[in-house]
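Each chain is listed here by its residues.
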Amino acid sequence: MADLQFVPWVDNLLGGLWVTIYVTVLGAVGATLVAFALGLLVRMKAALPRIGARIVIEFFRGTSLLVQLFWLFYVLPLLGYRLTPIAVAVVAFSLNFGAYGAEVVRGAITAVPRPQWEGAIALSLSPVQRMRRVIIPQALPLMIPPFGNLLIQLLKSTPLVFLVTVTDLATVADQYRAAEGNEAFIFGLLLVVYFVLAYLCTLLMHVLEARAKGRLGQREERSKIFAFRGPAAQEGEVA
Amino acid sequence: MLATPDTTSPEAQHGGSGSPLITFDKVVKRFGDHVVLRDLDFNVGPGERCTLIGPSGSGKTTILRLLMTLEKVDGGHIWVDGEPLSHMPKGDRLIPADEKHQRRVRTKIGMVFQQFNLFPNMTVLGNITEAPIRVLGKSRDEAEQDARELLERVGLEAKVDAHPTQLSGGQQQRVAIARACAMEPKVLLLDEVTSALDPELVAGVLNVLREIAETTDITMLIVTHEMHFARDVSHRVLMFDGGQIIEDSPPEEIFENPAHERTKRFLKAVLEQG
Amino acid sequence: MTWDMDYALDSLPPILEAFLRYTLLATVLGSVLAAVLGLVFAVIRRAHVPVLAPLTTVFIEFVRSTPIPIQLFFMFYVLPSIGITLGGLFVGVLTLGVHYACYYAEIYRAGIDAVPPGQWEACTALSLPARYQWQRVVLPQAIRNVLPSLGNYVISMFKETPFLFLISIPEMVRTAIDIGGGSFRYVEPLTIAGLIFLAASYPSSVALRRLEHRVGHA
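Protein chains in written order, with my numbering: chain B, 58 to 296; chain X, -11 to 262; chain R, 4 to 221.
Treat the hints with caution; some may be incorrect.
[Said to hold, decoys possible] From chain R, some residues computed to sit far from chain X (all C-beta separations above 12 Å):
no., residue
1, Thr5
2, Val118
3, Pro119
4, Trp123
5, Ala125
6, Cys126
7, Leu129
8, Leu131
9, Pro132
10, Tyr135
11, Gln138
12, Val141
13, Ile146
14, Asp181
15, Ala202
16, Arg212
[To be verified] Label pairs and their in silico Cβ distance ranges:
no., chain 1, residue 1, chain 2, residue 2, range
17, R, Asp116, X, Ala191, 24 to 30 Å
18, X, Arg198, R, Ala133, 44 to 50 Å
19, R, Leu58, B, Asn69, 48 to 54 Å
20, B, Gln186, X, Ala150, 51 to 57 Å
21, B, Ala94, X, Lys60, 31 to 37 Å
In case anyone wonders, no lab produced these hints; they're calculated from the structure. Built from N, CA and C at the ideal position, the CB exists for glycine as well.
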């Protein structure tokens, strides 16, 4: 099968896998923060934060992640910021996927029925309390499926980091290939690994969604948690 | 031996002549745990017009939907014009019908829906001619000619090239009636066809149906709350409750002198709403 | 850090050429393949064709869950070994097309689901055969429902074309990097590439959002 001894490579591959997971998790956390920040800013009445947020969102959604990665990698040092390659990758992912996430956040908050806002106002809740206690808990279940799709897209984008000298799973696989390993085998193996990782993300998303719905009193069937993903045609799943 | 429908029941002697056009033979229908129809037996003769009345959930709409094969029976058989609808003959047994068989038998049945269900991506003419061309094999010219005649009968000749979204609810429903009639069905099912209309538009649709009733001998099964219309047009009125027929009489009898307490209460409540 | 305008303008023609010859071409061909194949997938699944439908579901899920670069590499190395040696652009278009067909299949499915059940029932009431049910009633409405989403995915594919450089296709971003590498000034060419991306995708997004509003009112 493999004309190169595969076993010595397992260590490297596991190392690469760890990097992939690390970048994915940090990127996801960063993207979530950016998504909420931009998503809330873009809903404000005041022109400056709203338009500013809109520009940032459109910029990062409209340009390719690859270009953003490169740009940050080459340009940031020139501006005086010395970041490690992994940090550059995490920042790029956070901004790019955060921009898509912002649209999801905005859409989900807008989708909470108007009467909920009115009820909260009638109870004299402050805007912050309104958001925290009434609106966002109801918007959360709507946000989770598109966020889940974005997470999987983030995972799928991690191979890009090899361009900024980060050694992730895909990089190691490429090294294996360059060392005359069997290409079909290694890339086939990689496809399976990414598939498993993606499925784990889907599981996680379903569990989070079930819990978010549970807090609203909507029960979710156990079996749904293990199902494959549902429709992707929602605002937010655009690479 | 194939089970044959019962042709000696009193119902079969009403209105029409000879053997029944439609027979429900111990039909059972369940939705989950809820049993809507329980061993239902009833017949409709050719040319008969029956109105089904009763509270929601009593099974009236289910009967229409079963006839239109929009739902499957959970027990019993349905016969239309001498042929089984829910089942098909195989040797000397009956097995559940396949799509091809059902499609053939139900071509004789047409249905008009509460929500009209016109095709928004076609003009009025397109809506009416689509099925006659594809199913009855009419040529486009022939189908369009017939369609125009039907539109004239429902008073909408001018709207031939309009789109459904440009029409009022009453107009859409009249197009829907024309569309159903274009298939030259033997049976017309009318499922609360005026319930979704503004009160002012209801009369227009009911008049079209009255005209059809008077000038053709098409069999009609009508589910409606419009009691005056029911009285004018029906040969029989059947009162449903809990999936059973509790009363089956001509309109004069049932409206003037209902036999059952339940029917009395129902009619009182409905007629009071005016 | 200064901006060298002459250098920037010099790098514009080759980058633009790469854009038209590879990036744009791959996007158009890939999208057409994706649109057609995705429709096939969607109809197979919705009509519950035995054997094919569950296979299609698994295939779609697998392809959607794995990264495009890996798929590109896989196809690039595996296809020649089963006798298909048709060049990098073919592999690229095929991979992108099949990958996006899986997204499109889900979008079509949502569009089909959004067609009111009453439409299906009316087809049954008129005894319209399945073929015409799909062709004349359901699909026209389904596709109109999801036109904006389909458009979004074309833009998305456009932005993923840079991956093609992994299989040695000199698309726009690769060209920009090569130019930058020649003089060790990357800022100008990369910025130009980024601006071309924006110039192509932003107006399209706006147009799509307007289309979305119009479809919403229809």
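These are the hints, each one checked on the structure:
With a least beta-carbon separation of about 58 Å from chain X, R:Thr5 lies farther than 12 Å from that chain, consistent with its non-interface assignment. A cut-off of 12 Å between C-beta atoms contradicts the statement that R:Val118 is not in contact with chain X; the least separation is 10 Å. Annotated as non-interface, R:Pro119 brings its C-beta within 12 Å of a C-beta of chain X; the closest such distance is 8 Å. Taking the minimum C-beta to C-beta distance to chain X, about 9 Å, the non-interface status of R:Trp123 is violated against the 12 Å cut.
Look at R:Ala125: its CB is around 4 Å from the nearest CB on chain X, not clear of 12 Å, so calling it non-interface is violated. Not every CB of chain X is more than 12 Å from the CB of R:Cys126 (nearest about 8 Å), against its label as outside the interface. Once the 12 Å rule is applied to beta carbons, R:Leu129 is inconsistent with being away from chain X; the minimum gap is 4 Å. Distance check for R:Leu131 against chain X: the nearest CB is about 6 Å away, which does not clear 12 Å, and the non-interface claim fails.
A cut-off of 12 Å between C-beta atoms contradicts the statement that R:Pro132 is not in contact with chain X; the least separation is 6 Å. At roughly 5 Å, the least C-beta separation between R:Tyr135 and chain X is not larger than 12 Å, which violates its mark as non-interface. With a least CB separation of 10 Å from chain X, R:Gln138 falls inside the 12 Å interface cut-off, contrary to its annotation. The beta carbon of R:Val141 sits about 10 Å from the closest Cβ of chain X, which is not more than 12 Å, so the claim that it is off the interface is violated.
Not every Cβ of chain X is farther than 12 Å from the Cβ of R:Ile146; the closest lies at roughly 10 Å, contradicting the non-interface assignment. With a least CB separation of 49 Å from chain X, R:Asp181 remains clear of the 12 Å interface cut-off, as annotated. The non-interface label for R:Ala202 is consistent with chain X: the shortest C-beta to C-beta separation is roughly 35 Å, beyond 12 Å. Against chain X, the non-interface label of R:Arg212 holds: every CB pair exceeds 12 Å, the least being about 23 Å.
For the pair R:Asp116 and X:Ala191, the beta carbons lie near 37 Å from each other, so the given range of 24 to 30 Å is not met. The hint said 44 to 50 Å for the Cβ distance between X:Arg198 and R:Ala133, and at roughly 36 Å that hint is violated. The beta-carbon spacing between R:Leu58 and B:Asn69, approximately 35 Å, falls outside the hinted interval of 48 to 54 Å. Distance hint for B:Gln186 and X:Ala150: a CB-CB separation of about 52 Å, consistent with the stated range 51 to 57 Å.
For B:Ala94 paired with X:Lys60, a C-beta distance near 53 Å fails the hint of 31 to 37 Å.
The structure fails to meet hints 2, 3, 4, 5, 6, 7, 8, 9, 10, 11, 12, 13, 17, 18, 19 and 21 from the earlier list, while all remaining hints are met.
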